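Each chain is listed here by its residues.
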Amino acid sequence: MSRIGVFVCHCGTNIASVVDPDKLIAAARELPGVAYAADYKYMCSEPGQQMIKDSISEHGLDRIVIASCSPRMHETTFRKMLKNTGINPYMLEIANIREQCSWVHVDKDRASEKAVNLMRMAVSKISKNEPLYAQTIPITKKALVIGGGIAGIQAALDIADAGHEVVLLERESSVGGKMAMLDKTFPTLDCSACISTPKMVDVGAHPNITLMTSCEVESVSGYIGNFEVGIKQKARYVNHDICTGCGLCETKCPVKVESEFNLGLSTRPAIYKLFPQAVPSKPIIDKENCRLLKGGKCGICAKLCPLGCVNYEDEDRTITDNFGAIVIATGYQLVDWPSMYGEYGGGRYKDILSGLQFERTVNAAGPTEGHIVRPSDGKEPETVVIVKCVGSRDPNKGKSYCSRACCMYAAKHAHQILEKLPGTRVFIFYIDVRTPGKGYEEFYDQTRMDGAVYVRGRVSKIYEEEGQLVCRGEDSLLGEQVSVKADMVILETAMEPSPGIAELTSLLGAARDVNNWVQEAHPKLRPAETQVGGVFLAGTCQGPKDIPDTVAQASAAAAKVIGLLNKSEMETSPMISAVERDKCSGCGVCVGICPYKAVTLLEIDDRHGAKRIKREVANVNSGLCQGCGACTSACRTGALDLLGFRNKQILEEVDALCL
Amino acid sequence: MSEKQEKMRQCAEKLLRDGEAGYVIGWGETRFDDRTTPIFVEDPAGAGAFVWNEYAINSLAKYLLDDKYPDKKIGLFTRGCESRAINRLLKDNQIKRENVYLIGVPCDGKKSDRCTLCRERNPILYDVLLWTPEDDPPPAAGRFDRVKDIEAMSPDERYVYWGETYDSCIRCYACRNVCPACNCRECYADMSKTGFQGKQHSRSDNQIFGVTRAFHVGDRCIECGECERVCPMNLPIMGQTQKILKDINELTGEYECGMDATSENYLGRFDLDDKDEFM
Amino acid sequence: MPVEKSFEPAIVAFCCNWCTYTGADLAGLNRMKYPENVHVIRVPCSGRVNPQFILRAFQKGCDGVMVCGCHPGDCHYSTGNYFTRRRFMIMKRLLEYNGIDPERFHARWISGSEAAKFRDTAAEVSEHVKKLGPNVKYREEFRITESAEAGT
Amino acid sequence: MELKKDKLTEALLLLRGASNVILPVSNDGAPVFKLWDGVAEPCLSANTSLPPKDLLFPRSEKMYDYNVKTGNISEISSNKKQTVFGIRPCDVRSIENLDHAFLESGYTDSYYKTRRDGLTTIALACTETARTCFCDSMGLSPNDAPGADIVLNDRGDAYTVKSNTEKGEEITRLWKSLLSKETGKASKASGSVVCDFKARADKDLPEKLVARFDDPMWDKLSKACLGCGCCSFICPTCYCFDIGRENHGASGTAFRCWDSCMFSDYSRMAGGHDPRPSKKERLRNRYLHKLAYFNLRYGVTLCVGCGRCVDKCPANLDVTRAMDIISEGVRADG
Amino acid sequence: MAESIRAANIEAKNADGRAVNPLLPCMCRVIRITEETPDVKTFRIQTPDGAKPFDPMPGQLAMLSVMGVGEAMFSVTAKDDDWIESSIKKVGQLTEALHSLSEGDLIGVRGPYGNHFPVEDIKGKDLLFVGGGIGLAPVRSLIRYALEHREDYGSLDVLYGSRSYGDLVFKSDIFENWPSRCNVHITIDNAEDGWDGHVGFVPTYLEEKAFSPENKAVVLCGPPIMIKFCLASLMKMGFSKENVITTLEMRMKCGVGKCGRCNIGSKYVCLDGPVFTMSELDDLPDEK
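Chains as they are written, first to last, in this note's numbering: chain L, 212 to 870; chain G, 95 to 373; chain S, 22 to 173; chain E, 4 to 337; chain H, 18 to 305.
It is possible that some hints are incorrect.
Lysine-lysine pairs mimicking DSS-like chemistry, simulated, CA-CA at most 27 Å apart [said to hold, decoys possible]:
#1 G:K162 to E:K72
#2 E:K72 to G:K287
#3 E:K283 to L:K825
#4 G:K166 to L:K825
#5 L:K649 to L:K672
#6 E:K283 to L:K822
Everything labelled a hint here was simulated from the structure, so no lab data went into it.
Predicted model only: the values in this text are computed from it and were never measured.
Isolated chain L, as found in the complex:
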């Protein structure tokens, strides 16, 4: 028989004034397996703990039940205490007779009775406890940051500055992200490039940072501290090891295609740098558009290159590397408004720009060198309509959330127009104006002072009339239809997660919310973590935010990563799922239920009668499993069980209550 010791805490009078410890002791002595029972004023105190230790050696106890305050208070204390006694720390159960008994009940007899029940349940449960051993896992001291926008850049720099190796991975050929496309940043109106470019250069030059552009995550395995990531290095056709970025090759390329960076407002060659300040400042060949790679005759760039960097034979490669932590910083994209807003012409009208297109337009390095002109005829607009919440806050258009940054950049756009083209009439259609941020409200006020006219209401229709865009909508303050003839319309469109987020999160095992943003582990308390251990979040991949918030979150994620990588190894909780392979039929229901991708099917060698066969069974990755137990309830046969909360332990508790 097990030799259980039951220890009842008075907690001063907190417990003893309502629950009669003597009754508990007397009842405990009647229970099977209980070898010793005693009470004390404060079990958690030094003498209390000593008393437990002494009783263990004196009575040869092998399991300890403590009837006291909530296990959330002192479970750790008592486990630590057991560590030094030779009893496994998990041979401990706590009956919560304070928070869930003496403090919430008045009738002493009935409270004592309930306390006896709770103690009995703990005694029954512990009779089925088994020793558990925490595993320590080594930690690879290297972080992977996915996404080279400002969030990824900031996180990478912070981690690298703390002395850890970082791989910064970017899908495009240059880091910089959306921030590099912006002209000025609200509310201070400092030039976006001026503040982001130095950071881009820093990551390119940092000794601890390996920049991997034109790369995508292809596979992820492993768990916190020990991820193995397969990275696809897309063919660049230019040897970046030799290339100096002189730019000669770009000059003679016969191909002209729409520039992604300028959002179609200008063109670029097939061998190109994403933008002039790109980091790395080296070109790649766009294989979709390169004449030679499409099978045609050309090869001009190869001839031009003085160093022979161009290699048309280049191929995609997969690089595998190990990381201790991963930061997701994949950012956002703007919704594809033309497909959603037929009433705005569905993209037919050239002079309707998205906010980002306007950013490129107003940017001195942009296609118009900063002149605000209509794309259709190059004329300066006299009337500009800015429409906010295009796609945001509109469940009918699929996005019920607020994109957070648009109020401010609408104001900024108005400000920029009024500044560059004084006298222009600017109308801003809005639902609400939200300016929570340092200096934001002041900036908004200033814009109104500048002359921007705010019209409360949605624009219901935009159509062309005599070379102008008629914006019709309701002024909900006046309650009447309004119609503005504009020369240019700027749509402040909603943010949505960048493409590929679904694939990436499913590789990582991270969850997404209803809007496809990556789900944080806790909305308040763990905003920079995913629920997958070792995978962190930075920037707009988690939800719309502006630059200050993005950078703050990136630094927060970096701090988490640094905290993790500073350890050489970590202990994992032993209270995780375990598989009894003999019972497991490999049906795989558990695989889909695990939020951490901790359960996978594993092929094992087995026998079927006399035949040697291979069959699949569930396999729990102890590094990934967080011990929620969701898989165990889905396992019909009971092959999966949760250590520390085994089926038989819980059933014992149920049985004990009903005695």
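We have chain L already, so just place chains G, S, E and H on it with the hints.
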């Protein structure tokens, strides 16, 4: 009828002769004209033993689990119900498609109560189809009628109804053993030591078996009706599983199992905006 | 089980460690009062609660059962309670279909801050179950159901 | 002596005074043995779908209570009197066979014995046989039940009453006022019933079966088997049991309950080894137990030919097929 | 107390002729626990009033139970005036529960069951005991019997082996108590530090020893694979199957030949066994 039977025999014979299949599972005679029994023919010369008549009732799919790792393909005469059962087994990762050779035999309806709910006479999965598909029976009016009848009772009446039903259960587990959704390596009910299922015959333990089994298979039930057919006590077993199907249908719309081998089962997934009745 | 006037039901509440158990502790911290009938079994997540536990509880003599966890979306393990919701939407209906009174089984979302909700739920369930009296359905009594033995 | 059918209820009520009366009543038209409430009409048209073996060997039976803490053990026994009315010759024979198993081989099973001592059997000879009945192939007659305390034969408007034992005599004394002299009128079919369904149960069947222990026919015969316990549980002579425990804190009850040798966990040992790992071995063991092993041990065939398993098998397996194959020495094909 | 259990013998009647229930255990106490190997313990059992629960013959079985967990059958490996012993390997739930018992704990006992080694038939013969691993447990009862009745038997040889030194059971017997009174030959499968005895498998050692079959009975117990090879060796050495005796293990529930599990053909191991000669086993179907 005999023409089809002949086709079946020829097909089986050829499969066996060509070595395409190690053996073929079909129906064979018994000592009673109105009964057949599943037979397993290895020898091409024995293919003449297969019969096809209105008493070829037993679903054959579950036998695939007896031989999960065959050296050669297993030939199986496959009707609508077998094919759905095979989808069930495929989805549950119990058999490999390449291990079976499915001989499609559109069903003309059999003399069994289990066929009253049938909606798929034609195999939805097969390697060869022996004859032209049959017209599917008109959608069984009132798929969930019996469930509705029971739902209409008061809680106490329902308890008595099921209690008395389970009083007669002899726990022979025929329902489980014939069920394609019951494909655990070891059934929870055979492990009385784990504490979920007592082995004694009491109303309580019988009911717990009934409800647990229903819960285990409910969202994966293909409604083949085999459980009720095999029950020696003629218990209305599907009244339980169909209750779950009915609820799922009400909660998420049209829900049927075994129509393909990939759809995730209802309890194996979730939607963020699932209906929530728990405050 | 005393059946007289002073029937005190045995109620078991499976509570997730991160929300409801914390909420119950908070109720204690705030010295809220509720009936003594509710006994909490701590589980890591409501997703850990195997519906078979509920059957067992009724069989062994619980008069009422509660399953409580974080609100959907707040699960410490991100998605555990979404499965809980599906499982118990089905299980609750199935239990009722088999004659268990709806008031005897409850699933509730109670967060770590909702001490009052825990108190109110405990009180409400206690009261309902008390009114219903001892549960006899599914109760093991080792009754041999053999036809010939019936009534003996 | 004979008992007029219109006196039957009265006769049964007399029995009910001294013991529980169990008789077949209609359950949706099918006869099942039930504790008689003194009112229900006996349903005697056919044999019951379940045998009455649970009167002696209940599906679940408490054996003893124990207390883990104190070490007390107290035996539980049931010594109530039961009279089963309308039991058929095959089932009477099955009780004789169970007597061998439980009361012989060195040990007397006291639970069985107590119930057996309290049981009186009033058999009813068959007036017709079901299509799966093959009792007369198994060495007994549907027309008589020599092992019963009383045998009734249907003679149209009356039953002839024949007492075989002291218990039977007691009942005839009890019924004295109800019994009348036999009128001698010839009945419809009574007394000359034969089974249409036949099985080859030759004298040397047990030896032949054992000799063909390793025959591939077992593979063939068992292929369609589902491995359920249906045949075992509806068989009047299957008596395998399991012993289990139900705990309530420190106290608990040990019980035994029916088990089936067809179940996968039946013969599996603690370490995982199973001498009968698949349904081939299990079916073979069951058939051999019915038709050979019991015979070799007790001198009688365990199977009584009631035909329930043939009727109810979900896969339509047929034990007589095995018997035929063995007796005729043919190979099983298909 | 002891009276009533003894009565649960095959006579199934107690002293005053009253039938007793053979399925009813008697509560006894574990008075000593010896750890033989990491997974084998020997339990010495006594009735609460200080007697032995029953008086088994060598090779007979006892049904031991941990109340609330279950029962299982074990061979009685030794007896004395006031106790019996069983040596139990941890293989499943019940044996795990048995292993968690402490001295002084309660244990349910019923028995003795089954036949026993044919102590009469082998009188006057030389005896060779061959055991492997835990297989020495049933043999131990006969070795002790033969040593107690030394004058009834000729030479006594014990040949015993296990995987490693740590897996050898009854170390005090095989190294201390027995060597002075009979010939003890010990082997382990693989060489290990600190072991200067014989190294090699039991069947090989058996052949090396070249025992003469002359007037000799062999008692052979161990894992099936060892039995198989030992038997082949013995046949080679000229032994006849009639003179090779072994004990069988099957799953048993009732112990009294009723519940059906332990049959091999028409024999019940709990009743007709566990002791069989190899030639008797040949007559039984191969289903062990």
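How the hints compare with the structure:
1. In summary, the hint linking K162 of chain G to K72 of chain E is not supported, as the alpha carbons are separated by about 48 Å, beyond the 27 Å threshold.
2. With a C-alpha separation of about 21 Å, the suggested pairing of K72 of chain E with K287 of chain G holds against the 27 Å cut-off.
3. Between K283 of chain E and K825 of chain L the CA atoms are separated by roughly 23 Å; this keeps the pair inside 27 Å, and the hint holds.
4. Note on K166 of chain G and K825 of chain L: the hinted pairing holds, with a Cα-Cα distance of about 16 Å set against a maximum of 27 Å.
5. This hinted pair does not check out: K649 of chain L and K672 of chain L have alpha carbons roughly 35 Å apart, beyond 27 Å.
6. Distance restraint check for K283 of chain E and K822 of chain L: the Cα-Cα separation of roughly 16 Å lies within the 27 Å cut-off, and the hinted pair is therefore satisfied.
Checked against the numbered hints listed earlier, the structure breaks hints 1 and 5; every other hint is satisfied.
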